[in-house]
Amino acid sequence: MLPGLTEQRLANGADLILVSRPGSGAFRASLFFRQGGVDEPPQLLGATELLSRCLLGAAWSEDLKDDAGLDALLAQEDGLAEELRVAQLQAKGASPQVDELKAAHDAILVQLEARFDHAAGGELYGQSGAAANQAVDTRDFLAAGVELPASAFRLWCETETNRLKRMELSRLPFARLSLVADLRSGAFPKDPAVAVLLGAALPGHPYGRNLADYSAAVAALRRNELRAYARRACAPARMAIILVGDLDAASAIAELQKTLGALPQGDPPDPPVLPDLNLALGDRRVQIQGDGFRLLAGWRIPNRASGDTPALDLLARILGGGPSARLTRRLRNLASDVSVSTGRPGARYPNLLLVDARPLPGHSLQEVEDAIESETLRLRQEPVSQDEWNRALAQLDLARMEAESDASALGAALGTAWAQTGSWRGFTDEEARLRAAGPEALQRAAATYLLPGHRTLVEVVPDPSRRLDEQDRAFMEVLRALAARKVEDPAQRESIVGEGLRQFQLLPQAERARTLDLLRRQLKGAK
Amino acid sequence: MRTSLALFLLPALLSASAPAPATFTLPNGLKVALFEDHSLPLLRGELRLDLPAPPEDNQAWLRPLGFRMLAEGGSGTRNATTFALGADAIGLELRVALGPDSALWSFTTRSQDQEAAFALLADRVTRPAFDPLALEPARLAAWSELSESDALARARLRFVRALSALPEPDERMLASMDATTLAAWHHRLFRPGRATLALWGDLDASQARQLALLSFGAWTAQGEAPAGTAASAPEPGPFLAALPGEAPGVAIGLVEDGRDRAQRRFLRPWIVAQLKAEGIVLEEDDALSIRADAPLGTSAESLRARLAAALDVLPASFTATDLSSLRAQAATERALLSLHPEALLSQIATPSEAPADLAAARALLDRWCAPSNRRLFASGDPGSLQELRSAF
Chain A
1 MLPGLTEQRL ANGADLILVS RPGSGAFRAS LFFRQGGVDE PPQLLGATEL
51 LSRCLLGAAW SEDLKDDAGL DALLAQEDGL AEELRVAQLQ AKGASPQVDE
101 LKAAHDAILV QLEARFDHAA GGELYGQSGA AANQAVDTRD FLAAGVELPA
151 SAFRLWCETE TNRLKRMELS RLPFARLSLV ADLRSGAFPK DPAVAVLLGA
201 ALPGHPYGRN LADYSAAVAA LRRNELRAYA RRACAPARMA IILVGDLDAA
251 SAIAELQKTL GALPQGDPPD PPVLPDLNLA LGDRRVQIQG DGFRLLAGWR
301 IPNRASGDTP ALDLLARILG GGPSARLTRR LRNLASDVSV STGRPGARYP
351 NLLLVDARPL PGHSLQEVED AIESETLRLR QEPVSQDEWN RALAQLDLAR
401 MEAESDASAL GAALGTAWAQ TGSWRGFTDE EARLRAAGPE ALQRAAATYL
451 LPGHRTLVEV VPDPSRRLDE QDRAFMEVLR ALAARKVEDP AQRESIVGEG
501 LRQFQLLPQA ERARTLDLLR RQLKGAK
Chain B
1001 MRTSLALFLL PALLSASAPA PATFTLPNGL KVALFEDHSL PLLRGELRLD
1051 LPAPPEDNQA WLRPLGFRML AEGGSGTRNA TTFALGADAI GLELRVALGP
1101 DSALWSFTTR SQDQEAAFAL LADRVTRPAF DPLALEPARL AAWSELSESD
1151 ALARARLRFV RALSALPEPD ERMLASMDAT TLAAWHHRLF RPGRATLALW
1201 GDLDASQARQ LALLSFGAWT AQGEAPAGTA ASAPEPGPFL AALPGEAPGV
1251 AIGLVEDGRD RAQRRFLRPW IVAQLKAEGI VLEEDDALSI RADAPLGTSA
1301 ESLRARLAAA LDVLPASFTA TDLSSLRAQA ATERALLSLH PEALLSQIAT
1351 PSEAPADLAA ARALLDRWCA PSNRRLFASG DPGSLQELRS AF
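Residue numbers (this note's numbering), protein chains in the order written: chain A, 1 to 527; chain B, 1001 to 1392.
I should point out that these hints are in silico values taken from the structure, not numbers from a laboratory. By construction, the Cβ of each residue, glycine as well, lies at the ideal position given by its N, Cα and C atoms.
Simulated pairs of lysine-lysine, DSSO-like, Cα-Cα distance not exceeding 30 Å:
#, chain 1, residue 1, chain 2, residue 2
1, A, Lys-524, A, Lys-486
2, A, Lys-65, A, Lys-165
3, A, Lys-165, A, Lys-258
4, A, Lys-190, B, Lys-1276
5, A, Lys-486, A, Lys-190
6, A, Lys-102, A, Lys-190
7, A, Lys-102, B, Lys-1276
8, A, Lys-65, A, Lys-258
9, A, Lys-65, B, Lys-1276
Listing some non-contacts, in silico: residues in chain B with all C-beta distances to chain A over 12 Å:
#, residue
10, Thr-1025
11, Pro-1052
12, Asp-1170
13, Ser-1176
14, Thr-1180
15, Arg-1194
16, Thr-1220
17, Glu-1224
18, Arg-1259
19, Thr-1298
20, Ala-1349
21, Pro-1351
22, Ala-1356
23, Arg-1362
Please work from the sequences and hints to get the whole structure.
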């Protein structure tokens, strides 16, 4: 048990986890919703990312009050955005109708933006001395947190209650535009090589889905659909309120019962229907082109609630935790940027233990792969020494205490454990479970999961002759979207796109333009 | 204009301001600040070493290399491998960050390992072993960075170095460097009177004093302190990377010579907000450097002119209201510091300080934004850089 921790389920089903730290004069407040990208139904892909951009985080007064004028503008924008989207799909190039709709849409956006007071503190928390006001979306959960002086607790309760009750999503037009732009420009996801690995290692599972393949679906999301989804996704039964700081439990609970605890229970969405993922799917290997040589090796491992997860986390430390870790030492003269992690891309469901390394000049991907395989083989065949066990436990113990000492890190750790395992106790219990299991649990876990049959390898190789221009990027986007309709396996899709691009780049300029036009028409025809 | 709610909350914020540390100084001049907190068997620490302003240090060019050797080498009686093993055994990760005016080591350790952690830190800072075998790869790495074939990386590196007022070493300077030179450089620069140790966690003042004395008490200043002017001046630029077929990108950075760092931290949020309103963003690094990009075909000179115009008007735009708002903002930030032990320590190691008044703030902005203090970086198609090149 953590000192100062109070746990309570509020009347509407929301969980409260409060760690009282008297005397600090401030608190960190977070809301976690056990509803992430993994839970999105196919027609609402990108909804979690959009909600993190326009429901949570910055508290705009426009989201907190009745404003019929704003509602009308938002409805008008939504209608125009949809008309424009359809017109763009139907037009064969530039068209007067598209231009006209675009001008009208831009004008509405200007009107909307004029209603937000960015300069003089239209954002409520900013006016109240807040810091670190952020919203995040992950495959496993949606969350938001902010730090405030203790005197602002009531303000926080009322603000969050108000915006969850209203679900105005007044910044949706801007959030949608920026997300679609990020997806189309390749700025999201941030690491395409990891996206390919996830797709290849977890085929058919939402963890393996790459949102960049669905930018058209995101553009088609309408405000009413998203609001309806948000009401269910953020229902109290899927919510945890995590508070750390200078708050008295009794008075905080009394305030919460009047505010967030009084939100209607709502109707949480049905759990997603997920494929039964076979962890021993077989050794898979994908080659893609990127900035430089890089090797990613991922092993399918069970979810965080599994009894083997703490051992796998510790194995990751033994391989990559610090300069004297096995893989770090083994790869010292072979590779740079070596990292070993678990829980990729989430941990509510089976996920990956990931080793990532870039070969140093003069060394090959094969050498790095051999070194990684040799170290995993050792873990499977030999017991971990007492020294290594103690060292890894010391690191784990220290990491837990570091998180515990910092209000934000503690809030994040408790919320993540709650979202991934159903209880905050995952944060403290895993180390105790591991100590009880002893070092032999590590070899057992390695022999069960770090097998070639659980592994997927992504080799990133550079192609210095390839420089992507705007036409190349457009071609890749269209081809990806077309391939996404016919080929489920993202690794196979990526291979098709890579080969297609290679051939596209060999074409004369005029042919390239014609080919791109043809593909665009195919894409529109298929919609 | 709306009145900020923060002004109403200010009394509450000030009453809940961050805790003050207990402070003392060791006989050798090392300053120690302690935030006592016994809620966890944990200790966090930061050791800051103040560095002379680069123009006043004739070996400033050696810093990037010297600190890299320090971070990777052995210390005291340990070689690099045994040092890493010793640190890993207690989960200790000694991170070092080198800035224009200071170097900062930070660490976290369990209370039960605090003596071992202090011994490792003290070894690393006060008794480094410069391994001649590690020197050659480091020298080669430094040289290959400078003679990098990638035009963009080379221009970028030189630009970043120029913003810290660090001169570029030439081949001769790099060749002259050996373990003895590095040891002498270390003796001159690393002096207890320049160091501050900030601690947070599970120890009281007498334990902190004992620990600091045991680990750092024998550290004495050796040799002469750095003096004189730099052996060579930092490059003035412009730093250009010709990339055929690429769209232009231009950055203007303001040289940070190690002075007024605390005021820079204080004014930075205002500078960010002011430039953001002009559609210009600060690059994501410690230096004050602003950037603009444009599609292929745009002249880089037009981007430079836009950035320069934004900097030209910056000092005069700062008002007394801005100063008050920043002070209020600093007070609110201080009130939240106690949520984060690391932030409490940073406040000691990297303090922020308000300029005395509006005139002082404007004078600082004037000096930072002066055309002579600007360095220019640009990349893009040679055609788009042409005009820029001829302007210089």
